[in-house]
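A.B. asks: So the sequence lines, in the order shown, correspond to chains H and X. So in our numbering the end of the first sequence lands on 128, straight run, no missing numbers. So in our numbering the end of the second sequence lands on 212, straight run, no missing numbers.
The hints are simulated quantities; they were obtained by calculation from the structure and are not laboratory data. Backbone N, C-alpha and C define an ideal beta-carbon position, used for all residues, glycine too. Each hint should be verified, as a subset may be incorrect.
[As the list claims (entries may be wrong)] Derived list of chain H stretches under chain X, where covered just means 3 residues or more per stretch with a C-beta under 8 Å from a C-beta of chain X:
1. 39-50
2. 77-86
[What the hints assert, rightly or not] Not close to chain H: a few residues of chain X, all C-beta gaps over 12 Å, as computed:
3. E99
4. G114
5. Q116
6. T118
7. G126
8. S131
9. L165
10. P168
11. E180
12. L188
13. E200
14. Q201
15. V211
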Amino acid sequence: TQLLEQSPQFLSIQEGENLTVYCNSSSVFSSLQWYRQEPGEGPVLLVTVVTGGEVKKLKRLTFQFGDARKDSSLHITAAQTGDTGLYLCAGAWGGATNKLIFGTGTLLAVQP
Amino acid sequence: ETGVTQSPTHLIKTRGQQVTLRCSSQSGHNTVSWYQQALGQGPQFIFQYYREEENGRGNFPPRFSGLQFPNYSSELNVNALELDDSALYLCASSLKGGSPYEQYFGPGTRLTVT
């Protein structure tokens, strides 16, 4: 059973378009992180959201944490070819072992 | 740059062999976690080490083991390799008790088992 479902799995868009990636769970997380991963490399942390309803902006990227802290979204405005990559959400429950539970991933391809 | 390094970058092994992967954590981080990432999937938690002891384990068999050293570097050992062990192995360093909790990943080791 996958605890964190991401949608869509794949997305191919033209440069300049907007897009939204969703991360959904039935579990409540103490925090949720978004990563971007390029082929052959490790995930790079983009943002951490902690408070229900929180919205964070990173240039053209907007991240939102659901009010109940079970879901999150990533919105990219005016996508660029450099945004291409695998986007992963990861939830943390806290506690003694603060492992990350990763989502299924969204593979984004931005065409010039 | 996360300050987390891993070696080797790529590795090819034969089924039944043993392998050791290495990780150097970000300076000041006292916790290291290891993840396995199969092609096209999100990383899966293997285990975590804190103060040189295992501090939690995912759904992986005992042939996956680890070590953490006083300088916070760490190793992942896999015995009796199987074809399904082929994956990208990632280590991530973090500070236990940090708030919010964040992990920083190395570039990974690509293991191919033939």
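A.B. asks: Compare the structure with each hint and give your call.
C.D. replies: Each hint, compared with the structure:
With 3 residues having a beta carbon nearer than 8 Å to a beta carbon of chain X, the stretch 39-50 of chain H meets the requirement of three or more and the stated coverage holds. Closer than 8 Å: that is the beta-carbon criterion, and the stretch 77-86 of chain H has 0 residues meeting it against chain X, so the requirement of 3 is violated. Against chain H, the non-interface label of E99 of chain X is violated: not every CB pair exceeds 12 Å, the least being about 10 Å. Distance check on G114 of chain X: its Cβ is at least 26 Å (rounded) from any Cβ of chain H, clearing the 12 Å threshold; non-interface status holds.
No Cβ of chain H approaches the Cβ of Q116 of chain X within 12 Å, the least distance being about 24 Å, so the stated non-interface status holds. Distance to chain H confirms T118 of chain X as a non-interface residue, since its nearest Cβ pair spans about 19 Å, more than 12 Å. No Cβ of chain H approaches the Cβ of G126 of chain X within 12 Å, the least distance being about 16 Å, so the stated non-interface status holds. Its beta-carbon lying about 6 Å from the closest one in chain H, S131 of chain X breaks the requirement of being farther than 12 Å from that chain.
With 12 Å as the threshold on Cβ separation, the claim that L165 of chain X sits away from chain H holds: the shortest Cβ distance comes to roughly 17 Å. The non-interface label for P168 of chain X is consistent with chain H: the shortest C-beta to C-beta separation is roughly 21 Å, beyond 12 Å. Every CB of chain H is more than 12 Å from the CB of E180 of chain X (nearest about 22 Å), matching its label as outside the interface. For L188 of chain X, the shortest C-beta to C-beta distance to chain H comes to about 5 Å, within the 12 Å cut-off, and the non-interface label is violated.
The claim that E200 of chain X lies off the interface is violated: its Cβ sits roughly 6 Å from the closest Cβ of chain H, which falls inside the 12 Å cut-off. Some Cβ of chain H comes within 12 Å of the Cβ of Q201 of chain X; the nearest lies about 6 Å off, and the non-interface call is violated. For V211 of chain X, the shortest C-beta to C-beta distance to chain H comes to about 18 Å, beyond the 12 Å cut-off, and the non-interface label holds.
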